[in-house]
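Enquirer: Spelled out, the chains give:
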Amino acid sequence: MPRSRLGGSFLIFFSLAGVACGITLVFLGMRAVMEIGGACAEGATPYVIARPCPKGVPAAVLGGVWGGLACLGVYVAATAARQVPSLLPFAWPALFLSLGWNFLEFGVRPPGGGGLAWAWILCGVLFVGMGGIPLWIGAGGAARRFRGGGTASASRARDPGVRWPVHVAAEPSAAAFSGAPESAGALFDEPGAELVERLERLASLHRAGALDDAEYRAAKARILGAGGAP
Amino acid sequence: MTRGEARYWLLLQLAAAAAGVGAGIWLFRLIAY
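From first to last, the protein sequence lines stand for chains P and X.
Residues in the first sequence are numbered from 1 upward in steps of one, following the numbering used here.
Residues in the second sequence are numbered from 1 upward in steps of one, following the numbering used here.
Calculated from the structure, these hints are not laboratory results.
You may find that some hints are simply not true.
Unchecked claim - Label pairs and their computed distance ranges (CB to CB):
hint	chain 1	residue 1	chain 2	residue 2	range
1	X	Arg7	P	Ile49	46 to 54 Å
2	P	Phe10	X	Arg7	12 to 20 Å
3	P	Ala77	X	Glu5	13 to 21 Å
4	P	Ala218	X	Ala15	42 to 50 Å
5	P	Arg51	X	Glu5	47 to 55 Å
6	P	Ile121	X	Arg3	39 to 47 Å
7	X	Leu30	P	Arg51	22 to 30 Å
8	X	Arg7	P	Pro46	55 to 63 Å
9	P	Asp213	X	Arg3	32 to 40 Å
All residues carry an ideal CB built from backbone N, CA and C; glycine is no exception.
For reference, chain X alone in the conformation it holds in the complex:
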């Protein structure tokens, strides 16, 4: 795996983790408040 590919997957997965946290906060407010 080249450095460019590794950077692509790292950024993709960091973005996914951030999006997941955001979705979790939104979902919790939707169903628990």
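One chain only, chain P, in its complex shape:
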């Protein structure tokens, strides 16, 4: 595995793990507060605190929120820079569905007993809708990108509603087409690459200005002449 890919893998792994860790901390912290009635207070205040927060819960929730957001930023940047399919569309649903579950569970069985807690049930329905509707809309597009078999731009063409950054710098350099036959050959003979993918990469270089019209036509003819055979 190339060293850059290994580094990217570590970065994506730990940043996404941080996001999941943050959501889990918020989820568990919310449950701990709901166990004692749904509200608590902590810290220096001129008022008498009627219900102190459970030990460590404020730190867990605050750490989960801000740590999770920081990790989310790193994760988004890391996946976008490497054009890696991302689980980002699932982050919002994961947060709201998990918190909605808490509302519904404690709404149906309030910790103090005594029937249904309708306010919590209402919040639960709202949260489940806020998480479930985006999941329903976005899950198909996100899952398609993990199927592979095409380029990012091909995925975008199939799913025009999803923006997907294309970094021309990540494409092969123009040197691969001019005066460096070994590199050009490596591009054309790349094992497993498909004809459409090669043509798209070529077209993106042409659009970026790395190839002029004559070079583009020559390279395209070479790809088509090879019949796409690896």
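Following the hints, position chain X against chain P.
Expert: Chain X only, in chain P's frame:
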């Protein structure tokens, strides 16, 4: 991106999400109990 690469990233990220949930449970027990 080939199918093999896509599968690699999917498995990596699913493993990361699972590890993150596990770490969150462990961390919460560490600081909140």
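Enquirer: Please go over all the hints and tell whether each is borne out by the structure.
Expert: Hint check:
1. Arg7/X - Ile49/P: 46 to 54 Å: Distance hint for Arg7/X, Ile49/P holds at roughly 52 Å.
2. Phe10/P - Arg7/X: 12 to 20 Å: 19 Å, holds
3. Ala77/P - Glu5/X: 13 to 21 Å: The hint (13 to 21 Å, Cβ to Cβ) holds, given that Ala77/P and Glu5/X are roughly 19 Å apart.
4. Ala218/P - Ala15/X: 42 to 50 Å: 45 Å, holds
5. Arg51/P - Glu5/X: 47 to 55 Å: 52 Å, holds
6. Ile121/P - Arg3/X: 39 to 47 Å: 44 Å, holds
7. Leu30/X - Arg51/P: 22 to 30 Å: 24 Å, holds
8. Arg7/X - Pro46/P: 55 to 63 Å: 59 Å, holds
9. Asp213/P - Arg3/X: 32 to 40 Å: 33 Å, holds
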